[in-house]
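Chains as they are written, first to last, in the numbering used here: chain A, 1 to 173; chain B, 1001 to 1104.
In short, the hints are calculated from the structure, not lab data.
Certain hints may be false.
Pairwise CB distance ranges (calculated) [as the list claims (entries may be wrong)]:
1. A104(A) <-> R1089(B): 18 to 28 angstroms
2. A1099(B) <-> P122(A): 49 to 59 angstroms
3. F47(A) <-> E1101(B): 29 to 39 angstroms
4. S1100(B) <-> A155(A): 25 to 35 angstroms
5. M1(A) <-> S1100(B): 51 to 61 angstroms
6. G114(A) <-> E1101(B): 48 to 58 angstroms
7. S128(A) <-> D1098(B): 16 to 26 angstroms
8. F125(A) <-> H1008(B): 38 to 48 angstroms
9. A164(A) <-> E1101(B): 12 to 22 angstroms
10. F1056(B) <-> L153(A): 24 to 34 angstroms
11. L154(A) <-> A1099(B): 25 to 35 angstroms
12. H1008(B) <-> L101(A): 16 to 26 angstroms
13. S1090(B) <-> G141(A): 43 to 53 angstroms
Covered by chain A, according to a simulated footprint, are these stretches of chain B (three or more residues, beta-carbon under 8 angstroms) [what the hints assert, rightly or not]:
14. 1024–1037
15. 1046–1052
16. 1080–1086
Just so we're clear, the structure is a prediction, and the values are computed from it rather than from any experiment.
Just so it is clear, CB atoms sit at the ideal spot from N, CA and C, and this is done for glycine as well.
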Amino acid sequence: MSATAIIFYAISAFILGTGILAVTTRKIFRSAIWLLFSLIGIAALYFLLQVEFIAAVQIIVYVGGIVVLIIFSIFLTQKSGDEMPKPIRSRSLFSAIAAILGFAFTTNLIAHYGFNELSNTPFAFDISKIGLQMLSTTEHGYILPFELVSILLLAAMIGCIVIAIKVKPEEKK
Amino acid sequence: MNDIPLTHILFLSTALFFIGIYGLFTRRNMITMLMSVELILNSVNINFVAFNKWLFPNSLDGIFFTIFVITIAAAEAAVAIAIIINLYRSHHSIDVEDASELKY
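Let's have the full structure, built from the sequences with the hints guiding it.
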C-alpha cells in the first residue's frame, strides 16, 4: 500500500466521520462546525486528486461562503447552545435502514460494473485551459452555461434581497 | 495516484450521499436539512471529478460540471437562507412541522 493510498483512506475516514457527526449531533452550532470540517476534507481530497483549481473553489465558496452564511443564519434564528429535540425513534430507525439499504445496493452495482480505466493517460492540465474552454464559442465551449449561470446568480441575488427585505409597518397598506 | 481504484472513490461518494440522505430524513430543522443537501451536492462533485480523472483524462467536462454545481449550490443556499430568515420572522420557528400553512 503506497503513501498516496494511505493518505486517501485517512482523508476518506475524516470526511465520512465528520459527515456522520454533522447529521447526528444535536447541537446545531456543532453540526455546522462538523460540516465545515467535512467540506475541508473534501477540499483535501481534491488536492490529492490534483485538481487544485476545484480545491481552491471548494475552500472559497463552501468553507468561506456557505458555511459562514449558515452560521450567521443559526445566530439569527436559534439559541445556538440549546440541544435540538431528539428525532422520533421510528423515524431515525427507518431512515437508517433506507440509507444503509441504498448504500448496499449502490456499492453492489459499482463493485460489479467494471469501468475501463485509462490509467496510462496522465490527467494534467493548466488552469488557463479551463478559462479558455469556459469562454470559447466553439464546439466544446461553455460560454452559454457560463452566461446562464451569471444570470441565475443575478436573479438569486435580487431574489434574496426581495425575500429578506423588511417591510416597514407604515408602508403596508 | 492511480494505485487507488476508481471504485473506492465512488464508494466514498456513495457513503457521503447516503449520510446526507439520512440527515435529510431525520432532521426537522430547516438549517440542518440545508446542511444535508450540501453534503449530497458535494458527493456529486466528487463523482464528477473522479469520472473525469479516471475515465476521460483528455477532456475537462467533469471539472466544468463541478464548477457549475458549486455555483448553483451557492445560489441555492443564499435563497434558502433568505426564505428561512423570513419564515422565522413570521412564525418564530424554522421547524418544517410548523410551516404547514400551505398544506390544506
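Now the hints, each set against the structure:
At about 43 angstroms, the CB distance of A104(A) to R1089(B) disagrees with the hint of 18 to 28 angstroms. Range check, A1099(B) to P122(A): Cβ separation about 51 angstroms, and the 49 to 59 angstroms hint holds. At about 46 angstroms, the CB distance of F47(A) to E1101(B) disagrees with the hint of 29 to 39 angstroms. Roughly 28 angstroms separates the CB atoms of S1100(B) and A155(A), a value that falls within the hinted 25 to 35 angstroms.
The hinted window of 51 to 61 angstroms between M1(A) and S1100(B) holds, with their beta carbons roughly 53 angstroms apart. A hinted range of 48 to 58 angstroms holds for the C-beta pair G114(A) and E1101(B), which are about 51 angstroms apart. Look at S128(A) against D1098(B): about 51 angstroms separates their beta carbons, and that is not inside 16 to 26 angstroms. Roughly 23 angstroms separates the CB atoms of F125(A) and H1008(B), a value that falls outside the hinted 38 to 48 angstroms.
Checked against the hint of 12 to 22 angstroms, the C-beta distance between A164(A) and E1101(B) comes to roughly 19 angstroms, which is consistent with it. A hinted range of 24 to 34 angstroms for the beta carbons of F1056(B) and L153(A) is consistent with their spacing of about 28 angstroms. At about 28 angstroms, the CB distance of L154(A) to A1099(B) agrees with the hint of 25 to 35 angstroms. Taking 16 to 26 angstroms as the suggested C-beta distance range, the pair H1008(B) and L101(A) conforms, at roughly 21 angstroms.
A hinted range of 43 to 53 angstroms holds for the C-beta pair S1090(B) and G141(A), which are about 45 angstroms apart. For the stretch 1024–1037 of chain B, the assignment as covered by chain A holds, since 10 residues bring a beta-carbon within under 8 angstroms of that chain's beta-carbons and 3 suffice. Residues of the stretch 1046–1052 of chain B lying with their CB closer than 8 angstroms to a CB of chain A number 4, which satisfies the three-residue condition for coverage. Figure legend: the stretch 1080–1086 of chain B, annotated as covered by chain A; annotation consistent (6 residues with Cβ-Cβ distances under 8 angstroms, at least 3 required).
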